[in-house]
Amino acid sequence: MAKVQEELHTVLKLLELEKQADLAYYQEKVLHTSLEEKRKEGVCWYPVMLTRQQYNMAEKLVVKVERTANKDTPHVFQSGKVVSLFANSPHHSAQNLSGVVNNVTGNSMTITLNVEELPEWIHDEKLGVDLLFDELTYREMEAAVKAVIAAHHDRVATLREILLGDQPPAFAETYPINVPKLNTSQNEALNKVLRAKDVAIIHGPPGTGKTTTIVQAICHTLKEEKQVLVCAPSNAAVDLLTEKLSEEGIQVVRIGHPARVTESNLSRTIDAQIANHDYYKDLRALRRKSEEYREMGLKYKRKFGPAEREQRKLLLREAGRMRGEAEQLEHYITNDILSKADVITATLVGASNSLIKGMKFNTVFIDEASQALEPACWIALLRANRVVMAGDHFQLPPTIKSVEATSNGLSETLFAKCTERKKAQGFPVDQMLRTQYRMHEQIMQFSSQYFYENKLEANASVKHRLLMPDISPVTFVDTAGCGYTEKMEVESKSTFNEEEGTLLLKHLNNLVQHLSIEKILEENISFGVITPYKAQVRFLTEHYLHYEGLKAIEKQITIDTVDAFQGRERDVIYISLVRSNTRGEIGFLSDTRRMNVAMTRAKMALIITGDSATLGNHPFYNALLDYVTLIDAYQSAFELIY
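Numbering (this note's numbering), first residue to last: 21 to 662.
Source of the hints: derived by calculation from the structure; they are not laboratory data. One thing to keep in mind: the hints can contain errors.
[As the list claims (entries may be wrong)] List time: in silico EDC-like cross-link candidates among lysine to aspartate or glutamate, alpha-carbon distance up to 16 Å:
#1 K58 to D150
#2 K80 to E136
#3 K39 to D154
#4 K309 to E268
#5 K101 to D42
#6 K84 to D150
#7 K443 to D186
#8 K49 to E61
#9 K301 to E345
#10 K246 to D362
#11 K539 to E574
#12 K23 to D186
#13 K60 to E26
#14 K60 to E48
#15 K39 to E160
#16 K437 to D186
#17 K380 to D218
#18 K243 to D362
#19 K421 to D583
#20 K575 to E542
#21 K33 to E136
#22 K319 to E574
#23 K39 to E424
#24 K33 to E162
#25 K101 to D154
#26 K60 to D150
#27 K554 to E574
#28 K58 to E511
#29 K309 to E338
#30 K437 to E181
#31 K380 to D174
#32 K264 to D362
#33 K146 to E86
#34 K360 to E424
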């Protein structure tokens with residue numbers, strides 16, 4: 021026990037390092053950056069116009085602002101973010117109001133401010149909204165880890181020792197079930213979940229139907245349990261599960277601000293279900309009446325004597341009484357909705373929401389657990405009697421800003437720790453899904469050999485599927501000896517390679533011409549261009565429309581980083597590896613999970629461009645070069661140039 025607690029203390033220290041790195045990033049992007057640069061980075065709205073102000077039921081001041089320029093600039097603002105409303109004036113340079121974003125819709129933002137009334141400068145100055153650093157997520161993660169460390173002789177302490185320590189997990193002997201819509205390994209995973217008393221892990225390599233399996237596991241768990249909690253690290257993953265579970269006829273309540281939820285899931289949010297409740301009209305009437313009494317009580321009067329003071333007191337007292345009744349009714353409505361839900365879904369941090377803070381669940385499901393920081397997982401697990409995690413620790417880990425925290429282990433997830441430790445102890449808790457439904461077998465095969473003990477198999481529907489009979493499913497275009505030297509952007513320190521990028525775009529344009537634009541549009545063939553470096557993304561994005569063929573199918577092409585492509589797929593994937601130098605330096609290409617993700621996005625064709633002389637000293641890329649040579653997929657760039 022002491023060893024595990026010591027490990028968790030280390031996790032706390034690493035989390036603090038990450039918090040400080042995140043704060044430093046914020047300071048660089050917001051505090052020490054010009055207004056114009058902040059706008060480009062999406063961490064500032066300027067200029068904005070104040071369009072509405074009102075007090076909410078908690079007597080907090082709420083304002084609505086709208087962007088009046090730069091309306092198409094992408095931004096990072098969303099509900100829950102902490103912001104500062106400021107005036108861009110030499111007279112009010114130090115003036116600002118802090119608050120929290122309620123929601124963002126288009127170019128409008130609603131903010132709850134931390135003041136009782138607006139200052140004079142708010143009406144006659146050019147206004148802007150800055151992003152502030154928000155410690156809430158870090159506070160919740162830190163509190164969760166501390167609670168796990170302090171747990172003693174309870175279920176949390178037991179789960180802690182099973183997940184991280186030497187204590188073996190328990191499995192019940194049950195009659196195996198077989199769901200016709202699931203394949204053999206998916207059914208094996210389902211049965212493992214149903215037998216698990218403490219922990220079970222669904223290991224889902226790319227394209228193997230992990231979401232389908234976890235949804236069925238939840239549905240069958242509900243046959244024995246009244247209610248479960250389902251979490252994931254991102255809103256997108258939570259929304260996907262919410263939608264899939266609803267399609268199965270499951271009553272789902274989505275916890276989280278509506279601004280963070282996809283439009284198709286809005287009706288499943290707690291807010292929307294409160295608004296549709298039978299007693300919601302009564303709640304609205306109480307709120308409206310309370311506000312009317314409050315406004316009457318605060319109304320300005322030229323004559324203000326003892327009688328007026330007593331009248332104000334009575335009006336405000338009545339407003340307070342009605343507000344109290346409204347709060348009680350809202351509490352009843354919320355509890356009524358939550359008690360009738362089969363599944364409550366939330367992000368891992370959202371599992372700390374006050375609406376469910378006191379609730380316990382026999383089973384907590386965590387999807388995409390291999391992308392979640394360990395401290396975030398503990399937030400949800402504090403509510404669990406047992407846990408089911410799904411993910412793939414051979415794909416990208418959580419994004420961490422602190423290099424020191426990463427190198428010292430914060431990037432190792434609870435999913436990976438539990439999977440590997442229990443396997444080493446002889447108590448395997450994971451079941452790997454083995455049949456994939458995305459890729460041609462040659463695209464799949466290298467990842468299967470290198471990461472998955474050669475256990476993956478391609479389903480018959482995709483095994484031999486090609487774009488065209490004369491187009492190879494895998495091609496490695498080797499730029500060694502071409503003199504395509506990498507460069508570095510001065511501002512971002514990100515690496516790019518103009519010559520390699522140009523070669524890739526020419527190759528892609530030739531492929532488009534060979535397929536024909538008509539065929540691509542008619543069959544809706546999709547293309548993805550992936551590169552690990554943002555500077556290379558910028559180069560490719562700026563230049564690909566210079567090619568007539570690519571311009572004609574612009575909507576079919578997506579260019580982005582590896583991280584942005586996780587969870588996505590395309591018919592054709594191009595990968596630009598960028599690195600080309602005499603030192604053999606490959607940077608974070610050495611995190612081979614990135615390449616696993618990039619290569620397994622392709623369905624029918626995978627084309628990789630890279631410099632074998634730079635990459636070949638690394639065992640992964642050396643093995644990849646051996647593989648493409650073996651399947652006759654190697655091509656020198658000189659064949660394309662001359």
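Structure-based check of all given hints:
no., hint, result
1, K58 to D150, "holds (8 Å)"
2, K80 to E136, "holds (7 Å)"
3, K39 to D154, "holds (10 Å)"
4, K309 to E268, "violated (41 Å)"
5, K101 to D42, "holds (14 Å)"
6, K84 to D150, "holds (15 Å)"
7, K443 to D186, "holds (11 Å)"
8, K49 to E61, "holds (8 Å)"
9, K301 to E345, "holds (13 Å)"
10, K246 to D362, "holds (6 Å)"
11, K539 to E574, "holds (14 Å)"
12, K23 to D186, "holds (10 Å)"
13, K60 to E26, "violated (43 Å)"
14, K60 to E48, "holds (14 Å)"
15, K39 to E160, "holds (12 Å)"
16, K437 to D186, "holds (12 Å)"
17, K380 to D218, "holds (15 Å)"
18, K243 to D362, "holds (10 Å)"
19, K421 to D583, "holds (14 Å)"
20, K575 to E542, "holds (13 Å)"
21, K33 to E136, "violated (38 Å)"
22, K319 to E574, "violated (59 Å)"
23, K39 to E424, "holds (12 Å)"
24, K33 to E162, "holds (10 Å)"
25, K101 to D154, "holds (7 Å)"
26, K60 to D150, "holds (12 Å)"
27, K554 to E574, "violated (20 Å)"
28, K58 to E511, "holds (14 Å)"
29, K309 to E338, "holds (9 Å)"
30, K437 to E181, "holds (12 Å)"
31, K380 to D174, "holds (13 Å)"
32, K264 to D362, "holds (14 Å)"
33, K146 to E86, "holds (12 Å)"
34, K360 to E424, "violated (46 Å)"
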